[in-house]
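Colleague: Residues per chain are reported as follows:
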Amino acid sequence: MSEDRIGVFVCHCGTNIAGPVDCHKVSEAVARTGVTLVREHSYMCTGGQSQIVSDIEEYRLDRIVVAACSPRIHEETFRAVSTVAGLNPFMMEMVNMREQCSWCHAHEPDEATQKAIDLVLMGVEKVKLNEPLIPLQVPMTKKALIVGGGISGIEASLQLADLGHQVILVEKGPTIGGKMAQLNKIFPDQNCSP
Amino acid sequence: MVDVGRHPNIELLTMCEVVEVKGYVGSFEVTLRKHPRYVTEDCTFCGECLQRCNVFAEDDFNVGRALRKAIYTPFLQSIPRQYVVDDKACIHFSEEGCEKCLEDCKKHAIDFSQTVEEETLHVGTVIAATGIRPYNPTGLYGYGDKRFPDVITSMELERMMSPEGPTNGKVIRPSTGERPGNVAFIQCAGSRSSKEGQLPYCSKLCCPNTVKNALLLKEPFPDIDIYVFHSGIRTSGNRQEKMFLEARRQGVIFVNAFPEVTEGHILTFSDPILGQDRPLQKQFDLVALAVGIVPAAQEMSNVLGVPLGKRGFIKEDNQLSPSSTPTSGIYFAGAVGSPSDIKQCIEQAGNAAMEVSKHFQKDFAELSPIIAKADTEKCTGCGKCGNHCLFGAIRIEDKVAVITEAMCRGCGNCLNACKFDAISIANYTEQQIKVQLIEALRKPEDKIIVFACHWCSYAGADFAGTSRLQYSPKTRIIKTMCSCRVRTDLIKYAFALGAPKVVVSGCHPGDCHYLDNNMFTKSRVTKLKEQLSSKGINPERLMLEWVSASEGQRFVETIRRMEQLEVDEDEIEMSKMIFSRPEKPKSRRKKVRLNPDRKST
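Top line first, the protein sequences correspond to chains A and B. Counting from 1, one number per residue, gives the positions in the first sequence under this note's numbering. Counting from 1, one number per residue, gives the positions in the second sequence under this note's numbering.
These are computed hints drawn from the structure, not numbers from a lab. These figures come from a predicted structure and were not determined experimentally. Mixed in with the good hints there might be a few duds.
Calculated lysine-lysine pairs in the PhoX-like style (CA-CA distance at most 20 Å, straight line) [stated by the list, open to error]: (1) Lys204/B with Lys185/A; (2) Lys128/A with Lys434/B; (3) Lys170/B with Lys185/A.
Now the stretches of chain A that chain B is said to cover, found in silico as 3 or more residues with beta-carbon under 8 Å [claimed, not checked]: (4) 87–98; (5) 104–115; (6) 129–136; (7) 147–154; (8) 175–186.
Every residue, glycine too, gets a C-beta built ideally from N, C-alpha and C.
Turn these sequences into a full structure, and let the hints steer you where they fit.
Modeller: Right under this line is the structure:
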């Protein structure tokens, strides 16, 4: 088999996933592909987190697949879990077994299970080719440029300046004030304008 | 305003234009063009110079309704507290010559030797707040025509009503100088119209502004007759509506029709409520056109490289980030982004300031590493990728594509444009999508492959699940950052593996999270569909559908429609055979690589 040490974590999400999808079947099917570890848990996002951390360490996993809910819900969670275990967060791939499988094929358990198996295998194949990535870090010049000295520019400048930040306010004309300064009174309370 | 002038953390630079912005979040290099003011910071605002100056010019602060001196201050409370010389009007710059103001300035604050200068700044973030200008209604309702001197704009009325204005706050008929006995307001002058040169949108603030002015006119002279011609008064918000009701209570007449202005300021109109067959006619002393607002965004858009929407306002990155442009570190606030009243401008300024402040909490800006990478071995420097990058992140240096990592958003449009497989997107490589297709199509039979973009369509599919909408379990969804990442080669590959049906799905036109990249998707998919037809394959087997994050139902309907399409085995075999053949251009590729100059742009 490949040299990769892949761990697959199959979440039941209570009965949200494990209701329609036969998670044991999914695990068995994935295990047959020769991955290093397949682990099931009723709630991977809560109790399962520490399990993932200890499994990564114990089995020296170098990439993992978390088959659970949508990455839009918990991708950041499991990336953080990977980081805790010393694994690059981009070596974690999520498989969407809930929003895009169990919930929308609730009355077709066999088909849903087959789809779940396919989705996990797709995730496993993808993660094999994942590369560890590091977010780009660029130094921050803590100075803000604000272009336009009307009410919006004035207000943004004051807000930032009051927070202690350095602001450069650039105005094309000879004065700030913008269109608001030209108004006589402003609605709805007929306050004076400038 | 005064606070800005004296805040120790604010450096105020007036008479300055931003002419160039380079770089990326955390490190923008900004070039300013400083125009001469001819008055230095030693000015004490004493006014001696003003007394001496004899040259007059049109006062643009008062919308040309008054004159001012050639050395002037736009208005009394101007910040900074320094006069300014209008070098277009001042005769010092003519053959005549004049230095009267200079002679009288005890502080020696006048300096005619100043010239245009350029300066470079280094900043971490930018907020564009260039605002608006009022719409110019010349030609509408007789405005600008000598026969109709008493037709003015809402801004002109505003200046007239100001105690500091050209009439010291008295509202008069420009033709006679007398107080008008009746006033007509015409709403939507040049707005909410599809006519050439007019504004198709509602500027939102003209209705409450007119109601405000009607009330202010009624205050000293309750007997003044006021008519407001409109096509639906829009005074949303609790206090604005109260103002409207108060105006009605005070006898302001709102007519749901637009009049025609004829000789003698006679307005002809049909009142839809009274429903006469014969139009009414009424002579008015003063006619105020409530004009909309035009964004002053074009220059900013060019300089900052941020996109404008169809109507010329700066376009928000997505509706949940109302101050963000697609470029990290560049924000906008106020009416340059959408018609906004003063209160909304202040709210948006706060929001933009918060976004900037979040950046300043850290010493570094962190950017997603899911970005494009160019293989210098394979790259020929043809420049196609650069032409397809709407973010300006790719340039050609020494005949090789160089990607500015901080500017790359990882959409993948460049990869699609590259004929030499020289570009990859981190963790969304061609191979990674292919292996997913292989797994998804182990038993291709009746499978539906769905390519869904990260931002909208994938979220739309999620929403279908969250709403427990049921659809075919034959679907296999593959996520990409943008639909433009889906190369036609990938679709062909899916067909070669025996896929009966393929759906490509992205954000709706205008909603794409990578500017207008989904339009590239559209043209590619349309082209491929034509290709399918020409090869005798039913083009319906490939579908392009826009699904937003909130359109779970639409996603399900798309799948259902695809499910109903019948594809027989022969058809699948045919497409499998056609697309399994090795691609022709392989041999051509080498030729081009041997002669890269031919393709350079």
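Colleague: Taking a Cβ-to-Cβ distance below 8 Å as contact, does the stretch 147–154 of chain A have at least three residues touching chain B?
Modeller: n = 8 at 8 Å, threshold three: holds.
Colleague: Between the alpha carbons of lysine 170/B and lysine 185/A, is the straight-line distance 20 Å or under?
Modeller: Within the cut-off at roughly 14 Å; holds.
Colleague: For the stretch 175–186 of chain A, count the residues whose Cβ lies under 8 Å from any Cβ of chain B; is that count three or more?
Modeller: Since 12 is at least three, the answer is holds.
Colleague: Would you check the hint for lysine 128/A and lysine 434/B, treating anything up to 20 Å between C-alpha atoms as holding?
Modeller: 13 Å, holds
Colleague: Holds or violated: the stretch 87–98 of chain A covered by chain B, criterion of 3 or more residues with Cβ-Cβ distance under 8 Å?
Modeller: Coverage by chain B holds here, the residue count being 3 at a Cβ distance below 8 Å.
Colleague: Per the coverage rule (Cβ-Cβ under 8 Å, at least three residues), is the stretch 104–115 of chain A covered by chain B?
Modeller: holds (count 9)
Colleague: What's the verdict on lysine 204/B and lysine 185/A, does the C-alpha distance respect the 20 Å limit or exceed it?
Modeller: Holds, at about 17 Å.
Colleague: Per the coverage rule (Cβ-Cβ under 8 Å, at least three residues), is the stretch 129–136 of chain A covered by chain B?
Modeller: holds (count 7)
Of the hints listed earlier, there is not a single one the structure fails to meet.
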